[in-house]
Amino acid sequence: MDVEVEIDRLPIDLLAYIFVLFTSFTDLAQASGVCKKWKQGVKESLARRHNLSFAGWKMDDDSTSRLVFHAYNLTKLDMYAVVTIVYDKSKKLLAES
Amino acid sequence: MSEIDLAVIKPEMMKLYVWLQTSDDSIQQVEQEIAMFCPLICQEIIQKGMGSSKSCAICLPQQVSPAMLSLILDYCRFHQVPGRSNKERKSYDEKFVRIDTERLCELTSAADSLQLKPLVDLTSRALARIIEGKTPEEIRDIFHLPDDLTEEEKLEPLRNITADPRIRLLNRLYAKKRKELKERERLKLYIVLGLAAQFFCFFYQSCQTQVSISSVASIPKMHHQPLTKLNVEVEEEHVDERSVDDLLSFINGNDGDPKGVKTSKNKKKNRRKKEQQKSSSLKEESELNKKEVNGHDIRHQSSEAERISETLYLPYADDDTFSPKVEFDDGDIDDEIDPALKEKIDREVEDFARRLNSDWPERMQELLSSGQERETILFTTDGFLRRHAWSNCIVPYPVNL
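For the protein sequence lines, the chains are H and W, in the order given. The UniProt record's numbering applies: residue 1 is where the first sequence begins, and numbers increase by one. The UniProt record's numbering applies: residue 1 is where the second sequence begins, and numbers increase by one.
These are calculated hints, taken from the structure and not from any lab test. Being a predicted model, the structure only gives us computed values, none of them experimental. Where hints are given, some of them may not hold.
[Unchecked claim] Here are the computed lysine-lysine pairs in the DSSO-like style, where the Cα-Cα straight-line distance is at most 30 Å:
| # | chain 1 | residue 1 | chain 2 | residue 2 |
| --- | --- | --- | --- | --- |
| 1 | W | Lys87 | H | Lys43 |
| 2 | H | Lys36 | H | Lys76 |
| 3 | W | Lys179 | H | Lys36 |
| 4 | H | Lys37 | W | Lys117 |
| 5 | W | Lys134 | W | Lys95 |
| 6 | H | Lys76 | W | Lys95 |
[Said to hold, decoys possible] Chain W is faced by these chain H residues, among others (derived, beta-carbon under 7 Å):
| # | residue |
| --- | --- |
| 7 | Ile12 |
| 8 | Ile18 |
| 9 | Leu21 |
| 10 | Phe25 |
| 11 | Asp27 |
| 12 | Leu28 |
| 13 | Cys35 |
| 14 | Lys36 |
| 15 | Gln40 |
| 16 | Leu74 |
[Unchecked claim] Sample of chain H residues with no beta-carbon within 12 Å of chain W, all distances over it, derived:
| # | residue |
| --- | --- |
| 17 | Tyr17 |
| 18 | Ala29 |
| 19 | Lys39 |
| 20 | Ala47 |
| 21 | Arg49 |
| 22 | His50 |
| 23 | Asn51 |
| 24 | Leu52 |
| 25 | Phe54 |
| 26 | Gly56 |
| 27 | Thr75 |
| 28 | Asp78 |
Here a beta-carbon is modelled for each residue, glycine too, at the ideal position from N, C-alpha and C.
All chains should be modelled from the sequences, with the hints used to inform the complete structure.
Here you go:
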């Protein structure tokens, strides 16, 4: 059986289920740029999410609003400010740990 | 399987084996206990009574090939055994998904069609790990996918595709608020810097070599200007044409009006004789006296806020809170002083001026030497005066930029 056929046989809802497992917004963005089916899968994966967290992410307003717009089943939304640690301080913390 | 489901099963349905038909029409005989681990097969057996014989075999979905069925049954067989620890199950699962991408996709599809959630979860995680951290091109190469997206669709994530006006309005409001906060912070910073600059200017004004840093049009521009672009000009020495009387009256606070101080003609003659003997240092001193009274900047007569607003070009300088204080006229007060007392004060002022002139070169030497010591602090490090050129700022030693 050909690989192309196999991956195409995965339904959109199954693709969406796979994309729900992504922890990185970057990976979601990359996946949405593969093909039309995957793009739809990414949108559907956002719709399936009940929790969305932007902790540790530097997001622009457009991207954030777009993600929240597609994630219409949200019950919890975490929007924390990105905390940047000074190089010396981070070195000290790493040394201590 | 739940107890309720088991209660529904009739004794005649409880068989050791069930018959399953795969996508290539091949029929397999499988242990019922293991087969019923898949919800779809379980449903077929309980609700429809299928799989009891070869003739009424359970038709499996098209996605389930014989190879995939055997893999799924292996998985079910392992997880069916009750005595296994979680560690054993995890290690088995890890080994189980160590297969090529083609088979992994096929297995995911087959498990999904059989509604076998634990296996779907396992294979999906494995696929997610493969996809994560890869570019669209790399993903297309791995899965042999077509590039059917247009250029517009590829660039779509860069634009705001949401047509929701509420989100757009919120974005605008947040942007406005952020801008306001930044402006406030900048204003605070400028006020602090302005005060610091005035402080520096105040302490380093009495000097021999004066370097005035030309005023900059506006502070925001100044921050972006490179240091070399700041025009540093050495002031020319101005010859003072005024008499000592004028200077003394200026010291007394009569703004250069000679009538303010009444002195005898003899004293005036003596002063003229002394004036001829004075060196060029007196000229410089008189030039300084134009600008300051006993080391105090004349500009200090106006209010602090007014000077800050001058320096910073604040938009709210016209506001009542920043209005200059009312200055009192000393003319009326001066008239009431007793003439004898007035003469005594004049004499004291004259003595002070004489002393000031006599030890001026020594004082200048001290100032310059202390200035040279301080130079390293102010100018070699990325000091305040180096970074910020303020108008009317006089530095007590040459600046080499």
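A quick look at each hint next to the structure:
For the hint linking Lys87(W) to Lys43(H), the alpha-carbon distance of about 36 Å lies beyond 30 Å, and the restraint is violated. The suggested pairing of Lys36(H) with Lys76(H) holds, with an alpha-carbon distance near 29 Å, which does not exceed 30 Å. The suggested pairing of Lys179(W) with Lys36(H) is violated, with an alpha-carbon distance near 38 Å, which exceeds 30 Å. Simply put, Lys37(H) and Lys117(W) have alpha-carbon atoms about 23 Å apart, close enough for the 30 Å limit, and the pair holds.
In summary, the hint linking Lys134(W) to Lys95(W) is supported, as the alpha carbons are separated by about 23 Å, within the 30 Å threshold. Pair hint Lys76(H) plus Lys95(W) does not hold up; C-alpha atoms about 35 Å apart against a cutoff of 30 Å. Taking 7 Å as the C-beta cut-off, the interface hint given for Ile12(H) is violated, the closest approach to chain W being about 12 Å. Taking 7 Å as the C-beta contact cut-off toward chain W, the hint placing Ile18(H) at the interface holds, the least distance being around 5 Å.
Among the interface hints, the one on Leu21(H) holds; its C-beta lies about 4 Å from the nearest C-beta in chain W, closer than the 7 Å criterion. The beta carbon of Phe25(H) is not positioned within 7 Å of any beta carbon in chain W (closest approach about 10 Å), and the interface hint is therefore violated. Look at Asp27(H): its Cβ gets to within about 5 Å of chain W, closer than 7 Å, so that hint holds up. The criterion of a C-beta within 7 Å of any C-beta in chain W is not met by Leu28(H), whose closest approach is roughly 10 Å, and the hint is violated.
The criterion of a C-beta within 7 Å of any C-beta in chain W is met by Cys35(H), whose closest approach is roughly 5 Å, and the hint holds. Interface restraint check: Lys36(H) against chain W, minimum CB-CB distance 5 Å, threshold 7 Å, status holds. At its closest, the beta carbon of Gln40(H) sits 11 Å from a beta carbon of chain W; the interface hint therefore is violated under the 7 Å criterion. A distance limit of 7 Å between C-beta atoms decides the matter here; for Leu74(H) the minimum to chain W is near 14 Å, and the interface restraint is violated.
In this structure Tyr17(H) is not separated from chain W by more than 12 Å, as the shortest Cβ-Cβ distance comes to only about 6 Å. With a least beta-carbon separation of about 6 Å from chain W, Ala29(H) fails to lie farther than 12 Å from that chain, contradicting its non-interface assignment. With a least beta-carbon separation of about 7 Å from chain W, Lys39(H) fails to lie farther than 12 Å from that chain, contradicting its non-interface assignment. No Cβ of chain W comes within 12 Å of the Cβ of Ala47(H); the nearest lies about 14 Å off, and the non-interface call holds.
No beta-carbon of chain W comes within 12 Å of the beta-carbon of Arg49(H); the shortest separation is about 14 Å. Look at His50(H): its CB is around 17 Å from the nearest CB on chain W, clear of 12 Å, so calling it non-interface holds up. The beta carbon of Asn51(H) sits about 17 Å from the closest Cβ of chain W, which is more than 12 Å, so the claim that it is off the interface holds. A cut-off of 12 Å between C-beta atoms confirms that Leu52(H) is not in contact with chain W; the least separation is 15 Å.
No beta-carbon of chain W is positioned within 12 Å of the beta-carbon of Phe54(H); the least distance is around 14 Å. Remark: the non-interface label on Gly56(H) is consistent with the geometry, its nearest Cβ contact in chain W lying 16 Å away (cut-off 12 Å). Non-interface call for Thr75(H) relative to chain W: holds, since the shortest CB-CB distance, roughly 19 Å, exceeds 12 Å. Every CB of chain W is more than 12 Å from the CB of Asp78(H) (nearest about 17 Å), matching its label as outside the interface.
Checked against the numbered hints given earlier, this structure breaks hints 1, 3, 6, 7, 10, 12, 15, 16, 17, 18, 19; the rest are met.
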